[in-house]
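Colleague: Two chains, two separate frames, one set of hints: put the complex together.
Residue numbers (my numbering), protein chains in the order written: chain W, 1 to 367; chain Y, 1 to 165.
FYI, nobody ran anything at the bench for these hints, they're computed from the structure.
Virtual Cβ for every residue (Gly too), placed ideally from N, Cα, C.
Keep in mind that the hints are not guaranteed to be accurate.
Said to hold, decoys possible - Here are the simulated distance ranges between beta carbons:
1) W:284 <-> Y:140: 32 to 38 Å
2) Y:127 <-> W:340: 17 to 23 Å
3) Y:141 <-> W:123: 46 to 52 Å
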Amino acid sequence: MAERELELIFGPQHLGMVGNLSISLNVEGDTILSARVNPGYLHRGFEKLMEYRNWIQNFPLVCRINMIESEPVEMVYAMAVESLAGIEVPERAHYIRTMIQEMSRLSCHLTAAWAYTSILGFDTPAQWAMGDRDYLLDLFEELTGARVYHIYNMPGGVRRDLPEGFEDKLLAFLDAVAGRLPDYNSTFFENRLFFERASGIGKISAQDAVALGGTGQVLRGCGIKHDIRKLEPYAAYGDMDFEIPTREGGDAFSRVLVIRDEMVQSVSILKQCIEKMPSGKVYEKTPNPFKWKIPKGETYVRVESARGEFGLYLVSNGGNRPYRAHFKTPSFVHGLVILEKLLQGANIADVGNIMLSLYVIAPEIDR
Amino acid sequence: MDKLVGLLKGIFKDTDGESLGKNRLRVTAPRGSVLAVLDYLKASGFYQLKSISCVDWMDENEFELVYHVASMESPLHLMVKTRIARDNATFPTAIPIFKNAGIFEREIHELFGVEFEGNPDLAPLFLENWKEIPPFRKDFNMREYVKETYDSIPSFEEYQWQKEN
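Looking at chain Y on its own, in the form it has when it is part of the complex (with noise of 0.2 Å):
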């Protein structure tokens, strides 16, 4: 594990990796080599692309993109991270080097409204004439929405009140 950290320090002088308990690893990467770190850590034996998070971090007004990549032989997992602006936030797509990476992709940008240069397909997931803010960002307010949207159930006693009158 602290071999893979100076190797990737050794080529991307800004990147930091730090492990996380038992075959964790944690790589922090500048907007700029993140799709590098990831382009040399597949040829370095991390065939897989198994996810793909995104952190909303509204008071820092940052994203937070997460990939995780692992190898098929070794228990190692490693997260590639890398923080992008909040605002109008654009990211360039990693389909180039794994290939599903497009599902994530959209499934980000339907739920973070993040958008991915290149990705040819980011059409809406699962929700259907969405119109609010995307739904996953903090300053969406679920139970708001909940309440406007489907009314709010009346409590027992209204109820009762409802069923007299």
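If we strip away everything but chain W, and leave its shape as in the complex, we get (with noise of 0.2 Å):
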């Protein structure tokens, strides 16, 4: 024990933190000896619940798992039912549902570079993401009648067709996304403050990055290159052309340099989505909901969220409703083991960069 040791409880209610998340740190000074995550306060028990409802009323439930970003949950659902059920999905869906991915992509990036940029105190970059952010959302509503909670992927493809107009109105934000990068460049990711406050930061190294589980710009910030979008291509991804993008540091600023690589490529794949998209219907028939049993079974789905691998394992006994469903979050590693590491070590007014450069997000952890 140190000498003058204090602990510290930090969160849930703390400017420095968003999100619904705890952690208590012993300091001493301004430096972290050690730190324990307290998760719960979002508890739900939603894989619980699921289990009390049919194959399709889980989809209203399940995306709630996440509200900054809520589609990878419905996808990774849709697509476990569809492998228990032996469903396959049309070519057309299969392009919606790449379109809705980066869609919600970009849209996340856009959501943790508003929480990022906020709490290091770059005001101006904050506030036009959120802004930008909210065209995305104006999108979405369009496309699907809701704003976070969308409820449109279905098991056997999405619930309607894209509205008359709707790639114009994509492309028209798209080219203005991109246009602000220079932008968002110059005020913040170029800029030489970011670069004191980041970088050196949470620093990981690959190997611990792989030994504790981490996914997603945990592993790209230390130069690993792994991407389910490329390793095991799901939807229309095979057909598109992208780059994974890495950074050798392993810091908080090389994590945050992907994210920004990262939209990028979601811009560009969401063109090419565009471009590409195929002709056809875009559902597939299912059975009546309330007599619709899937046969014995059991399957583990990834998808790659935006922040890392998003599993499912999914078990039927051959009910109408799920046996057992266990999600596999990113947050969950990042939030409660990788976490804890990296602030080992740290300042007091790093918990929140490093938290956030780990793209954290408390719902997740809880479910």
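Modeller: See below:
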């Protein structure tokens, strides 16, 4: 025990804390000796609730696991049901799904950019990011009828086709946001203040990142080219031409720059989606949801969410509802294992900085 | 995939492997050898433990533990499964093999009540002052619990009646 050790509870009500998470820190001066993350403020027992509802009723439930980015959760559940029931998805639905995944990734990255820039005190780019995200939410509303929880993916495809003129609106948005990138660069990503604040902070080696179960930006920030979209292409990602951005540093700076490069890639994938969009139906008929029984079996499906690998282990015992569902969420390991490790020896002022650079979203941990 | 199953069967006599569609392999091992299988898999390139799932098969009076392991280079995803007795469930920890196993075991300990021997930290993770049986077990009735703890919401007629009187 150090001589002047203090226990400091950081969050959930704290200015430097985004999300419902609390961290108890053991500090000496302003150096953190050890940290322990206390999740559970948003535990709603979704996986248990899913066992009480039939296959279709679960869609409005699962998307609430992550309020920032609900699309990958819906997608992963739809893919799991399709894999258990053996449903084929039409080609056009694959493209629409890819498109909405990328829109969702872009909106999640913009939210992250807002949170990260405002925690470091860059207020102007923060407002821009939030404003740009809002245009995307408008597009979501036009496409799906909802801004945050879309409930758009269904087993066998998507709920409805693109509205008329949607592609043009999306293209106009993409051009606008791509045109704003130099402004983001000069105010934030290439700003000297940001470099000073983030480089060398929250550094993790590639070996540790793999051993502790890191995915997404945590791995790509250490120079490991790992992306489920390339490793095991789902939806229409096999037809898309894109790069996996990586950085070597392993610190907060590298992870944030990976996020920026991913946004550029997302814009390019979205443009390709619009260009290559095939025609045809968007929905494969499924049985009456009240009488739908899925054969006995189990499956593990995964997608690349904005924060890393998002997986679902789904078990059916031949009934009309899931027997067990278990989500593998990226924030679970990032927030509970890697964050605790990176906070050791860090400065109190960098808690939010490290947490957001790991892209920890609290509801995903608690589920 | 078949090569890996052959190798595993050669070393561990009582294990079984089965393909579950593209890039998915299910390995079933008895209680005694599952950690040895995990150790072997880690040495052959499956460095990352993605998650540990637990399934409650109440009718058979067994819990099923599923270790999800994957490598960084190949798209193969392995599910190493074992069954343990449901009453006073205990299982040795996997922390010596995978550093991040502790947190998944802590979650399973809280939600299913499986005791992981050798895990130094099995404190409650999500729940606070929980006094019932572990909530994710099949014999825990969520609807009954909600009714008893939080009272039910009155129906429209009841509500009108309360307002008038």
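Colleague: If a hint holds in the structure, say so; if it does not, say that too.
Modeller: Hint-by-hint comparison with the structure:
1. W:284 <-> Y:140: 32 to 38 Å: 36 Å, holds
2. Y:127 <-> W:340: 17 to 23 Å: 20 Å, holds
3. Y:141 <-> W:123: 46 to 52 Å: 50 Å, holds
Hint compliance for this structure: every hint is met.
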